[in-house]
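All chains should be modelled from the sequences, with the hints used to inform the complete structure.
Given next are the chains, with one letter for each unit.
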Amino acid sequence: MFIFLQNHTRKRVKFCIVPKFLRHIPIRYYCTTILLLLVSIATHAQNVTLKVKDRPISEVIKSIEKQTGYTTFYDAEIFDRNRRVTITTDNLPLKTVLDRLLSNNYSYDIISKTIVIKEKMQVGDLEKKIKSDIIKGRVVDEKGQPLVGATISLQGKQQITTTNSNGEFTLSDLGARDVLTITFVGYVPKKILAKNSSVVILTRMESKLDDVQVIAYGTTTKRLNTGSVSTITTKEIAQQPVSNPLAALSGKVPGLLVTQSTGVPGSSFNIQIRGRNSIAQGSQPLILIDGIPFAPGNEAISSLPSALTNGVTGTALSPFNSINPSDIESIEILKDADATTIYGSRGANGVVLITTKKGNAGKTRVTANINQGFTQVGTTVKLMDTQQYLEMRREAFSNSGVVPIAAQAPDLLIWDQNRYTNYKDELIGGTGKLTNAQLSLSGGSSEIQYLIGGSFYSETAVFPNALPNTRGAVNTNLTHSSKDQRFKITMSASYTAGLNRTAAADLTRYTFLSPNTPDFFTSDGKLKWLEGGIQYENPYRYLFQTYTANTNNLVSSLNTSYKILDNLTLKVAIGYNQLTAKEKKLSPVSSLAPNQNQIGTSNFARSEYSSWNIEPQLEYQKGIWKGKLDILLGGTFHQKKSYSESITASGFTTEALMESLQAASTISYVDNAFAHYKYQALFARVNYNIEDKYLVNLTARRDGSSRFGPGKQYANFGAVGAAWIFSGENWFKNLIPILSFGKLRGSFGITGNDQIGDYQFLDSWQAGIQTYEGNATLIPSGLYNPDYSWEVNKKLEGAIDFGFWDNRILFSIGYYRNRSSNQLVAYRLPYLTGFASIIRNFPALIQNDGWEFTANADLLKKDQLKWSIAFNATIPRNKLLSFPGIESSTYASVYKVGESLNSIYGFKYTGIDPSSGIYTFSDVDGNGSYNSKDFVISGRLDPKFYGGITNTVSYKGLELNIFFDYRKQMGRNLLYSMYTSSMVPGMLWNQPAIVTDRWTAANSNAEYEKYSTVMQSTADRVSLSDRVYSDQSFIRLRNLSFSYMLPMKTQAKTLLTGARIYAQGQNLVTWNRQRGFDPETQNLYALPPLRIFTLGIQATF
Amino acid sequence: MKPALYPTIFLFIFVITSCKKAVDVDLPINKITSPAVFADDKTATAAVLGLYSKMAATAGTFSNGTTSIYMGLSSDELKYMGTASEILAFNTNIISADNGLLYSNFWADPYKIIYQANACIEGLNSSSAVTNEVKKQLLGEACFVRAFCYWYLLNVFGDVPLLLSSDYETNARSARNTSTQVTSQIIQDLEAARSMLSKSYPTSGKLRPNYYVATALLSRVNLKVENWKGVDETAGEIIGSGVYSLETDLSKCFLIGSKEALWQLAIPDAQIINTIEGNRFIPVSSVTVVPNYVLTPSLLSAFESGDLRRTNWVGTKTVSGVSYQYPYKYKVRSNAVKSEHCIVFRLPELYLNRAEARCHLNNLPGALSDLNEIKKRANPSGQPFSSTTQSVVEAAISKEKRIEFFAEWGMRWFDLGRTGQTDNVLSLAKTAWTGKAKLFPIPATEIQLNPNLTQNPGF
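Protein chains in written order, with my numbering: chain A, 1 to 1101; chain B, 1102 to 1560.
Take the hints with a grain of salt, since some may be wrong.
[Claimed, not checked] The calculated lysine to aspartate or glutamate pairs, modelled on DMTMM-like cross-linking and capped at a C-alpha distance of 20 Å, are: (1) B:Lys1132 to A:Asp671; (2) A:Lys528 to A:Glu608; (3) B:Lys1132 to A:Glu608.
[As the list claims (entries may be wrong)] Over 12 Å on every C-beta distance to chain B, these chain A residues come out as not near it, computed from the model: (4) Thr648; (5) Ala663; (6) Ile738; (7) Asp763; (8) Ser882; (9) Arg1091.
[Stated by the list, open to error] Derived coverage of chain B by chain A (criterion: at least 3 residues anywhere in the stretch with Cβ under 8 Å from a Cβ of chain A; other residues may be distant): (10) 1155 to 1167; (11) 1261 to 1268; (12) 1271 to 1284; (13) 1348 to 1357; (14) 1385 to 1391; (15) 1432 to 1442.
Hints are computed from structural coordinates only; laboratory data are not their basis. Glycine residues also receive a C-beta, built at the ideal position from the N, C-alpha and C atoms.
In structure tokens:
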């Protein structure tokens, strides 16, 4: 704007529109007035005070820069920077000061926050310059690597270009003294005089705002992102001594709920992004590793029962047990429509992008990292001692009016009445050993970069025998760029072999054996089963019965790109992922109870998941008008296959041959299944960025999925996202000077959901489980519905981000609202129909909305001492907005309109009947019988809020990191476990000591009902009531890590370039209501998440 | 512009818009579509065999063992010695609407089979590819199986929804039909089966029902509806056919080749279990383990001296000096070689059914002759029973049936219910007996999912 005015001032242009009464005033006068007026607006508060005597002008300019925050450019050839000046100004406007400072030979422009000093030119001069100058330049990073796609814009003009694959750019029609602005994601923008731009070095940003964020088919920064994306860095993952990368996400990301199912090494973690969107529970996010869909997703990959199985959640071996956390560079959680719509239907429940580490150019670097540690069970619920237990049993028999007989009460009649064993110590009180080692080699030139790494991990169980969960992995990464940098190819491959060995059942349940249960071993070391002729449970059988899962996981991808034109690139991403799990479970005769068939049985199962993905893409970048336009057009071809088979062999002559099918006399159960999923899509994204201030992002996608019947396979989805970085506006900067960053962003879009399983639309029959008369049999596979179609998910989001004091404090508040309709439900049916459910669309509307807060603050940054805090919180809400016809549907007593899908909807507990001593419930309709008509909502199981807080303190090489996560929620309490497992107080099982506060005639005000040897008549109401839910809020000291970077001096004479020693602890302390009862797994009979301690060293050569 | 540009873009667009069939998938290896099932005799037969594979489920279900166990516990013939609370509930007759065993064995399983029978009937009726002869045979079998399932549903729960199509929309909301409606449908299905099934078995064994099997069930139904004449005729037809005869050697009654067996359900050869009854009733060999299910003193005392069934069909095991008696009709606990199949219908039932009917038809000599056929076989040296009083003969028949069919298909429980004696008998035998326990509760989950279902009184 100023250039415009200045030029026209000189040329005395004639088209200035001047009111008639001003015509008599010389034109120069009012042009200057307008100029001054504008300058004074622009330089408001930019006053300068100088008191300089005979100093070089360069020094004076520096002082002005310091006072105003402006940058100054001048051409050293024409401007004598050593010219000495004397000047005194007292809080005068910048312009006045500059006028006084510069001699008549020079003019200056003030553009945005830049002052450009020029030689005053004659008209002829100017024209000559413009014609002749074609500027060629190159943009590189600090290491000299070309920065591809950096944006070069000419200050104040509409000319914009981007660098090519060699980092080069060309601009014409400009003067040597014009100023270029060079920006690149994650780097500090640079302003430079055009003639000095032959090699421009950009430096990395230090602010968190400018850390690179991986998004769908590209990268951006938090600053420029129009969508909602959270990043977990490799550093945050490395701080946590966990073997499952999902574990490292717990409490770190707003809107992401991570829940561990059991503490057994290798077990599953459930992840959910922004609540439950679907009644059918198809709420799994899409998981991509380097852009390739992870074939098994987050489903359990095991099919045989073992200690990994959690009966309540139905989960077992986690597929992420095959992913090495230390190979991961970052994990991005994509949440809103803007970020996820490009994945179409697969992204309805959010997207998890896992990016693996890549090699960097430079000299060869070897990194070795090894740590060792141990694991143990934390505090557990206190159980009854023998006296309390026997008292309970006697009282229970007397309450039931039953005289105990030996078969039903061996604990009272046969077993030693004084014996006591703490089965917690015996069965789950062991110490697991943990070893983790990694070695990697990386380096390369500008043409080839590589990374080769290997890792080993082993963790033994806390059960009496140390069955280890081990994993070995290799990963390689190779990038090649052609000499002209037009062609680029990146190959990544990682292969993981896992061996998970564990007990056949979680022994935690058997810590509840009667505390006076006799010995488990006979004198000759065999399992003991009988005492006084009565058989009892022997938990060691589950250790004699071994479970082994071999997993192999190959993740490979090939990314090629070719620059057809300087601003047009063709890319093809190809990826293949294959995960196989081979399981075997051996139940030798020696592990069988006398009342079981004395036949050794081996179960074998094999599951194979594979997925390949081909994504051709065309990317076009161009400066248009004042902004940078980025267009992406692409297609996806995706296929996923899963195959599983299982075989049961029995009747082995010797236990040594139990893994040999030939040694079995009977191979009795063979089953195999196969599923094929095909998916095709066409997508487009248009991103337009005006001066890093106004950003618009449009996404469209057409999806086809094989999960739908003919005519229903295709659907269209789209999203729009926009952001306004208001801190980029001059007027705003002046309004609130402490605000260094402010962004308002919003998005809206429609995605779909096809998580309903394959082939559900087919009217099909399958082979029966059993043959009959030796002939094959057929049974219907299920009820079918050919007419169902896509679930629709509408996502809305608005957020505001702030940065204060040079972004030392970053704060962001977001509101999201997802509404999913046309619900695809496994509509529950009564067994009258022959099946439990059918897939169909339902006009139910579910809303997930909530607030997300994040804050990052560098509280202290003084010399070597740094203290920073990262905080996040989520307040989620889930609501069934409408469900037409729910009253007459099978969901009538499962969900309620206006309430959360995860409501506690059941009988209302009304205390203990003072006369009978058993739990009573509200008979809402007063008809004397208890059924679903008496159900009421008495709370919801969604967390009320959750999040995490990290404190990092560092001093010189020392760093201490303390991470808490917290959750306010209702959840299953220990009665849930007892009543659903039919292990209520009074039966032949030990109980938590707290249930001694039970009803007796004398203690009618008790907390728990009277003891009973059988389930009370109201017992099945208990598990359907709010009695089994209570406050399960917690704060957990999830992680504590301490590291020390060895000072360089001590390493001076070695090859070592860096070394770090560290100590880490995980799941250290939990504060919750019910001491010892894990509020996360909420299962009394499942191993709680283990405490982990490790000590390690990392060295770089 | 580079010459490579246009071809590249063209190729790109061509690639991503081609493959119209990109999202069509082949059928999974383990599935075929419904029309293909009824497109030839072989697959249609496999679909009907699927009914039996479900009925003979290795885990046990109402049609394979668990009726013998749980209905035996509910009556006065068996006592449970274990601690599993859901099984104990059958023994104490305090059964809740949430009992999982009741739900899966006696409700869900029969309805699953009924669904498949309905699907088979619909598929066969609409198929023109299946040959008429096979179609007739298969339709007869499907109708029979449907009637068989409804028979047990009716006797366990009373009124139940009567579903005759595979239409899940209406089935899901069905209310209960009256016992009369269900019974008349059972009779209709059995008559249809009789008109379509041949008198010989379709395969070499007796593993698939024939005309006589349908007739045997019809005689049972007639007994319940007190169509004495119908019982006399149907039972008489089977007895008189000469196809079946009483085994004189009691140890052969339950073998695969049993001459008195009308219909047997077979567990696949690959399984080591021969029958669920044998596997669950016979205790393990370990000398110290008490049998899980023992016969009650009241049943044991009902055996007359010299009754060979007491020695042949009752097993004894002494543990810690206490002797326990358990059902020992099936002799194989487990063996990969099959010598026994679960017998669903045995000829003695027809004799006793006819005896009871003749009694009501005032044909006492005929009744006594039938009764004594069974008594003589069990106790060749004993005196034939004789009386001229109808009620005395009736009681003798009832007692004989209790002994002949103990621990077999819940015969005692269903007979007590049929003759209205449950309260009288069980209030003496059980401490916690209440009248409501005569019928089992409709599973609570099912009512929850289908608001049109009502619960039995008292639950």
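Verification of the hints:
no. : hint                  : result
1   : B:Lys1132 to A:Asp671 : holds (13 Å)
2   : A:Lys528 to A:Glu608  : violated (39 Å)
3   : B:Lys1132 to A:Glu608 : holds (19 Å)
4   : Thr648                : violated (9 Å)
5   : Ala663                : holds (14 Å)
6   : Ile738                : holds (50 Å)
7   : Asp763                : violated (4 Å)
8   : Ser882                : holds (19 Å)
9   : Arg1091               : holds (35 Å)
10  : 1155 to 1167          : holds (count 4)
11  : 1261 to 1268          : holds (count 3)
12  : 1271 to 1284          : holds (count 4)
13  : 1348 to 1357          : violated (count 0)
14  : 1385 to 1391          : holds (count 6)
15  : 1432 to 1442          : holds (count 3)
Of the numbered hints stated above, those contradicted by the structure are hints 2, 4, 7 and 13, listed in ascending order.
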